[in-house]
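K.L.:
Sequence:
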Amino acid sequence: MKFFTLFLTVTTLFASVTIEDAWHLVEDKNSGMQASKHDMQAAKLKRDSAKSMYLPAISLSASYTHLDKPIDLDTSGISELMAHFSIPFPSTLNLSEQDIFLADLQMMWPLYVGGKIDAAQDIYSAKIDEAEAMLEMKKDKEFLKLVKYYYGEVVSDALCKTRKEALKALQLHYENAQKLSAQGQIAKVELLNAEVKRDAAKIAYEKSLDNLAITKRALALLIHSDAALSSSLFIYKYNESFPYYEKALEEKSATLDLFDAKSKQTQSLIEIKKAAFKPDVIGFADYNLYRDDSLLMQSLPNWFAGVMLKFDLIAREDRSEEISIAKLQDAKVIALKKEALENLRILLEKSYKEMLSSLKEYESLDSSLALAKENYRLRSLSFKEGLATSSDVVDAQLFLESIKTKRLNAAYNYVLKLSQLLVLSGEREKFFDIVKEAEILE
6 MKFFTLFLTV TTLFASVTIE DAWHLVEDKN SGMQASKHDM QAAKLKRDSA KSMYLPAISL
66 SASYTHLDKP IDLDTSGISE LMAHFSIPFP STLNLSEQDI FLADLQMMWP LYVGGKIDAA
126 QDIYSAKIDE AEAMLEMKKD KEFLKLVKYY YGEVVSDALC KTRKEALKAL QLHYENAQKL
186 SAQGQIAKVE LLNAEVKRDA AKIAYEKSLD NLAITKRALA LLIHSDAALS SSLFIYKYNE
246 SFPYYEKALE EKSATLDLFD AKSKQTQSLI EIKKAAFKPD VIGFADYNLY RDDSLLMQSL
306 PNWFAGVMLK FDLIAREDRS EEISIAKLQD AKVIALKKEA LENLRILLEK SYKEMLSSLK
366 EYESLDSSLA LAKENYRLRS LSFKEGLATS SDVVDAQLFL ESIKTKRLNA AYNYVLKLSQ
426 LLVLSGEREK FFDIVKEAEI LE
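Residue numbering for the sequence shown follows the working numbering, starting at 6 and increasing by one per position.
Since the hints were derived computationally from the structure, they do not count as laboratory data. Do not take every clue at face value.
[To be verified] Derived BS3-like pairs (lysine-lysine); straight-line CA-CA distance at most 27 Å:
hint: 1; residue 1: LYS74; residue 2: LYS257
hint: 2; residue 1: LYS74; residue 2: LYS146
hint: 3; residue 1: LYS389; residue 2: LYS146
hint: 4; residue 1: LYS153; residue 2: LYS166
[To be verified] For each label pair, taking beta carbons as the anchor points, the in silico distance ranges come out as:
hint: 5; residue 1: ASN216; residue 2: ASP53; range: 32 to 40 Å
hint: 6; residue 1: ASP73; residue 2: PHE309; range: 21 to 29 Å
hint: 7; residue 1: ILE319; residue 2: LEU294; range: 35 to 43 Å
hint: 8; residue 1: SER237; residue 2: GLU347; range: 46 to 54 Å
hint: 9; residue 1: GLU211; residue 2: SER237; range: 45 to 53 Å
hint: 10; residue 1: GLN39; residue 2: LEU197; range: 34 to 42 Å
hint: 11; residue 1: ALA223; residue 2: ALA320; range: 52 to 60 Å
hint: 12; residue 1: GLU200; residue 2: SER369; range: 30 to 38 Å
hint: 13; residue 1: PHE437; residue 2: LYS252; range: 49 to 57 Å
hint: 14; residue 1: SER387; residue 2: LYS358; range: 41 to 49 Å
hint: 15; residue 1: LEU318; residue 2: ALA55; range: 53 to 61 Å
hint: 16; residue 1: ALA55; residue 2: SER369; range: 54 to 62 Å
hint: 17; residue 1: ALA290; residue 2: ASP73; range: 30 to 38 Å
hint: 18; residue 1: LEU386; residue 2: SER21; range: 38 to 46 Å
A virtual CB, placed ideally from N, CA and C, is assigned to each residue, including glycine.
My request is simple: use the sequences and hints to build the entire structure.
P.N.:
The structure is reproduced here in structure tokens:
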């Protein structure tokens, strides 16, 4: 992946960038997406580290204890008895010194904890699902931004060309008007009208250049590249039916995946709370590594092992209430998912209808474009023959420009709504397949 990214980065310095190339650049360099990837990696590491919860915990302990006095055993009775047999025996027996040193190797092993460990593992796995869903949602957001910026630059560039063509046509018309005015064939007001419209077209063209510069800058900051764009606006007439996208939404939506991950966590939390009513069975062992040579210490075993059962008869928290709270949290997640699904369906239908509306608008403007071109051609010829006024030519040119602009905007809106539709239905990557099969607009 790193080699591919390096290759793509170097290539874009010398070649144009397709929409798919631009997306790969965003995936690799977007800071927000990198942060989401780190969250997912951290969740995976946390899940892996939690597997050790099934294993025993082994610890090394060392202690020093100072007693107020040594531990002595009064053996005077024994001493007096032994004296009758002329056997010396101390009247006091020292069991331990005043300072005690101990070192032990200890082991605790949860053999059964009521299912808490399994539930905790499920929560960590659900955390990964949550992180993946958050990453996908971040990708969706940045993808929509990329489509808006990328094709926004494409549209801005096309509008600049349209305005430039209009300016060129109105400049030519103004020059023709100057010639006709010099020959006395048109009134001065016609010449002034041609000049005013030419100047207005020049201002509109300069504004379009400024807008293009802004869109170029926005896209360059997003993809970290100033390379030229090679993907064009497109129209795809073989769109799927609405039920297809609706089904895909329910199966692939990152937003719904997020709620599913949250639901898994709350359900596992319920199991953890239920485990409070079950006993814990713990295996334990201790191996002595060091002790002093006192009688008391030497009398202790070198090691011991056993099993402990622990059950809280009275807990500080109401265990039944804790289960009820966990169930309420789960019910809340389910309700929020249901609400989100309803809202997503509405948004999906809105995007679908707006996409089709933009497509219809674009197709309906084909006849208007043909009419506008022919009307401008005829008005220009009529003006040269003195059968049309300057206003007629200017109006025809402006009408042609407006139709071209409407078609560009319709195509742009179609692409935006299509990208929104695919993102909502969880089929973001399908966008690039459509681009390859779609009708490219020149």
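K.L.:
Compare the structure with each hint and give your call.
P.N.:
Results for each hint:
1. LYS74 to LYS257: Answer violated: LYS74 to LYS257 is near 74 Å, above 27 Å.
2. LYS74 to LYS146: Violated, because 73 Å separates the two Cα atoms, which is more than 27 Å.
3. LYS389 to LYS146: Given pair LYS389, LYS146 is violated - Cα atoms ~54 Å apart, limit 27 Å.
4. LYS153 to LYS166: The hint holds at about 20 Å.
5. ASN216 to ASP53: 32 to 40 Å: Given a distance of about 51 Å, which is not inside 32 to 40 Å, the answer is violated.
6. ASP73 to PHE309: 21 to 29 Å: At roughly 28 Å between Cβ atoms, PHE309 and ASP73 fall inside 21 to 29 Å, so the hint holds.
7. ILE319 to LEU294: 35 to 43 Å: 38 Å, holds
8. SER237 to GLU347: 46 to 54 Å: Violated, since SER237 and GLU347 (Cβ atoms, about 37 Å apart) do not stay within the stated range.
9. GLU211 to SER237: 45 to 53 Å: Given about 24 Å between the Cβ atoms, the range is violated.
10. GLN39 to LEU197: 34 to 42 Å: At roughly 60 Å between Cβ atoms, LEU197 and GLN39 fall outside 34 to 42 Å, so the hint is violated.
11. ALA223 to ALA320: 52 to 60 Å: Distance hint for ALA223, ALA320 holds at roughly 58 Å.
12. GLU200 to SER369: 30 to 38 Å: Given about 35 Å between the Cβ atoms, the range holds.
13. PHE437 to LYS252: 49 to 57 Å: 21 Å, violated
14. SER387 to LYS358: 41 to 49 Å: 43 Å, holds
15. LEU318 to ALA55: 53 to 61 Å: At 29 Å between Cβs, range violated.
16. ALA55 to SER369: 54 to 62 Å: With a Cβ separation near 60 Å, ALA55 and SER369 satisfy 54 to 62 Å, so the hint holds.
17. ALA290 to ASP73: 30 to 38 Å: About 32 Å separates the Cβ atoms of ALA290 and ASP73, which means 30 to 38 Å holds.
18. LEU386 to SER21: 38 to 46 Å: 39 Å, holds
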